[in-house]
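A.B. asks: If you read the protein sequences in the order shown, they are chains L and B.
Numbered according to the numbering used here, the first sequence spans residues 1049 to 1324.
Numbered according to the numbering used here, the second sequence spans residues 768 to 1070.
Any given hint could turn out to be false.
To list a few chain B residues with every Cβ distance to chain L over 10 Å, as calculated [unchecked claim]: (1) Asp802; (2) Pro824; (3) Ile827; (4) Leu913; (5) Ala950; (6) Gly951; (7) Ser1003; (8) Thr1033; (9) Asn1035; (10) Glu1051; (11) Thr1067.
Just a few of them, taken from the derived set where beta-carbon distance is under 7 Å, the chain B residues facing chain L [stated by the list, open to error]: (12) Gly793; (13) Glu829; (14) Asn836; (15) Met905; (16) Glu906; (17) Phe1036; (18) Phe1052.
FRET-style restraints, in silico, Cβ to Cβ [to be verified]: (19) Glu1295/L with Pro989/B: 34 to 40 Å; (20) Val900/B with Gln1050/L: 38 to 44 Å; (21) Pro823/B with Gly1300/L: 40 to 46 Å; (22) Lys1139/L with Pro1059/B: 27 to 33 Å; (23) Asn1154/L with Thr1014/B: 57 to 63 Å; (24) Pro1071/L with Pro989/B: 57 to 63 Å; (25) Pro823/B with Lys1139/L: 51 to 57 Å; (26) Asn804/B with Gly1135/L: 35 to 41 Å; (27) Ala920/B with Arg1270/L: 58 to 64 Å; (28) Glu851/B with Gly1300/L: 20 to 26 Å.
Bear in mind the hints are in silico, worked out from the structure with no lab data behind them.
Using N, Cα and C, we set each Cβ at its ideal position, and we do this for glycine too.
Listed below, chain by chain, are the residues.
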Amino acid sequence: MQQSSKILWNTEASPNYYKIAFPYPENYPAIGSGQFFMVRVAEGSDPLLRRALAVYRVGGVDVFPELKGPGLSAVEFLYRAVGRGTGFLAKKREGDSLDWVGPLGNSYTLPKEGAHHYLVAGGTGLSSLYVLAKELIKIFPVSSVHLMVGGRSQKDILCLPDFEPLGIQISVTTEDGTKGARGRVTDVLESALRTVPSDSAHVYTAGPIPMMAKVASISKERKIACQVSLEGPMGCGFGICLGCSVEIFEKGERKYRLLCKHGPIFNSEEVYWGEA
Amino acid sequence: MKPDLSVQIGSIHLQNPVLAASGTFGYGEEVDLFDVNLLGGIVTKGLSPKPRMGNPPPRIVETGAGMLNTIGLENVGVEAFVREKLPRIGHLKAAIIANVFGGTVEDYVTVAQRLEGEKGIAALELNISCPNVHQGGMEFGNDPGLAAEVVRAVKRATRFPVIVKLSPNVTDVRLVAKAVEDAGADALSLINTIPGMAVDVYTRRPLLKNITGGLSGPAIKPIAIRMVWQVSKVVSIPIIGIGGIATARDALEFLIAGASAVQVGTANFYEPLTMPRILSGLEEFLHSQEIPSIRNLIGTLQV
Ligand SMILES: Cc1cc2nc3c(=O)[nH]c(=O)nc-3n(C[C@H](O)[C@H](O)[C@H](O)COP(=O)(O)OP(=O)(O)OC[C@H]3O[C@@H](n4cnc5c(N)ncnc54)[C@H](O)[C@@H]3O)c2cc1C
Ligand SMILES: Cc1cc2nc3c(=O)[nH]c(=O)nc-3n(C[C@H](O)[C@H](O)[C@H](O)COP(=O)(O)O)c2cc1C
Ligand code: FES
C-alpha cells in the first residue's frame, strides 16, 4: 500500500545512524521478516527515486514504550545517512510527513526444525533481523537463537538494548576491540558452527557484501542452510522497472532475478558473489 | 458536467489521454496500488521474437531530476506474452498497446505476425530506437530510410494500427517523422530515452555496467515538448507525447504543444499514483477553465 504518514520520531541512534518511525495500525498489511519499504525523501523531482529501507521493528507499546496509549502501533526503520537521499531523510522532524510504499519483497523462510539459529549482522543489516528474531523465538526455544553483531568499532554496534529484552544469545565483535571481543564476526560464526551438527543449524545474514559472502562460504563449507538479505539500486521497489536485477544461479543456470520481488532474501547458494 | 477526457488516436478510441509508457509498467498486471482500468491505455514492455535476459547490473542510476537505465530490453518474448500475459490484461477498459522491437526488420515482422488477430490488443507501438544488427548497430530510428522500411514491412504483416515511437537521438526528428508517416504509420509517439552517462569519481568507473544508458524523467521534459511541437507542424497523424510527465500540468503542456495523448514512464516508479492523479488533475483543469473536452486543447499553442 501507499500512504503518507506523520513521523513519530527520527532520532540519532549512534553517530550518523538514525531510527525513524511512523504509525502503522494493526489493520495495515502484515509485515514479514526481511521485508522493506520505499520512502520518498523529498518532494519534487530531486532526488527523484524513493529509497529502500528494511523494516526494523514493528508493534505496539510492548515494543515501543514511547507510544502514548493502548491500541497504537508503529513501524520503525534503522538507517545510516550515507548520501544525499538518506541525508535528506535525516533532516526530517517529528510531525513531518513521510510518503511510503510497502511492505515489499519476500521474507526469510522459517525452517520447520532446527536447534541453532545464527543471525549474523553488520551495520544497518541488523535492521532486517529483529522481526526474524521475534518470529524464531515464537516457534523455537529462545536459547536456540543467537545474534552475532560485528563492526569496525564501538560506534558501529547499534541498538543492542532493543534486542536484550528478547532473551536471545548475543555476541558482539569489533575489529578494534572497543566493544565486545576483538576480531571479526565471521570468525565467531565459524567457531560456533564447528560445535554443532550441520543439519540442526541455520544461518541468516544481513550486512556488507564482503561479510555476507564470507558467511555464505563458511556455511557452504559446513553444508549449513544460509539465507542472505541483499541490497542494490532500485528504481521502483515493486517489480515494474526491471532495474534491480541480481545474478542468481538456479540449478547451475545463470539467471537474473528481481531484488525487489524475488528478494531481498535469497538462499546464499543461489547468489553470485562476484569478486567479493 | 463532467468534462470529456476521451481522445482518438487514428482509429483507436481511448477513454482518456493518459497511458503507461513501455518498460515502466511491466505487462500491465504488476501494479495493484490503483485500478488500472482508469487508464487510457497501457503500453507493454518491449516484445521480441525470443525471450531476452537483459543487461548485467547495475542497470539504473539516479541523476539530477532523472535516471539512466540499461535494462537491455529484457522481456518474456512474444510467445509467452500472448499465452501468459495477454489473457490477464486483454479484457481491460484501458487499451493494450503491444510495444515491439528488434535487431532486424524480420524481427519486427515476426513479432507483428505472432500478435496479428490476438484479442485484447488495440495497437502496436514500434520501438525504433534499437541498433540494426545488419547496419553496424546504427539505430533504425536514426535513419529515415531504415525507419520507413520497418514501418512498411510491419504494416504489411498486421491489421492493427501502428504507432511508431521516435528516437530523440537524431539531428532533425522531423525527417524521420515525415518518412514514417509516408510509409503508413497511423500515429507517432515521442520521445524515447536520451543517451547519457554517469561516473563514480572514486573508482573512476561508469556507474552503469553498460557504461551508457537512456536518460528519462523530468530532466528530459523540455526536450520532449520541443520535439512534439516540431513534429506536430509537419505531420497530420496523431502524436502521443512522452518524456518526464509527472503532473497534470506536464500533460497539459504536451497536449497544447500538439500531442493527442501522453504516456507516463519514470514517474510510475517514484510516484505510483501519478497516472490517476494526472487524470483527476486534467478533469479539475477542464472544469475550472470551463473547457468541455480535452480535445479542445490539443495543438492549441499560441505563438
Ligand atoms: C532492500 C533494501 C533494504 C535496505 N535497507 C536499509 C536499511 O534498513 N538501512 C539502511 O541504512 N539502508 C538500507 N538500504 C540501503 C539504502 O537504501 C541506501 O543506503 C540508500 O538508498 C542510499 O541513498 P542515498 O541517496 O543516501 O545515497 P547515494 O549514494 O547518494 O544514492 C544514490 C543512488 O544510489 C542508490 N544506492 C546507493 N547505495 C545503495 C545501497 N547500498 N543499496 C541500494 N541502493 C543504493 C540510491 O538508492 C540512489 O538511487 C537498503 C537497500 C535495499 C535495496
Ligand atoms: C526502465 C525503463 C525501461 C524502458 N523500456 C522501454 C522499452 O522496453 N521499450 C520502449 O519503447 N521504451 C522503453 N522505455 C522508454 C519509456 O517508455 C519512455 O519513452 C521514456 O522513459 C521517457 O519517458 P519518461 O521520462 O516519462 O520516463 C523505458 C524507460 C525506462 C526508464
Ligand atoms: S526495483 Fe523496479 S523492478 Fe525491482
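A.B. asks: Among all the numbered hints in the text so far, which are the ones the structure does not match?
C.D. replies: 2, 3, 8, 9, 15, 16, 18, 21, 22, 23, 24 and 25
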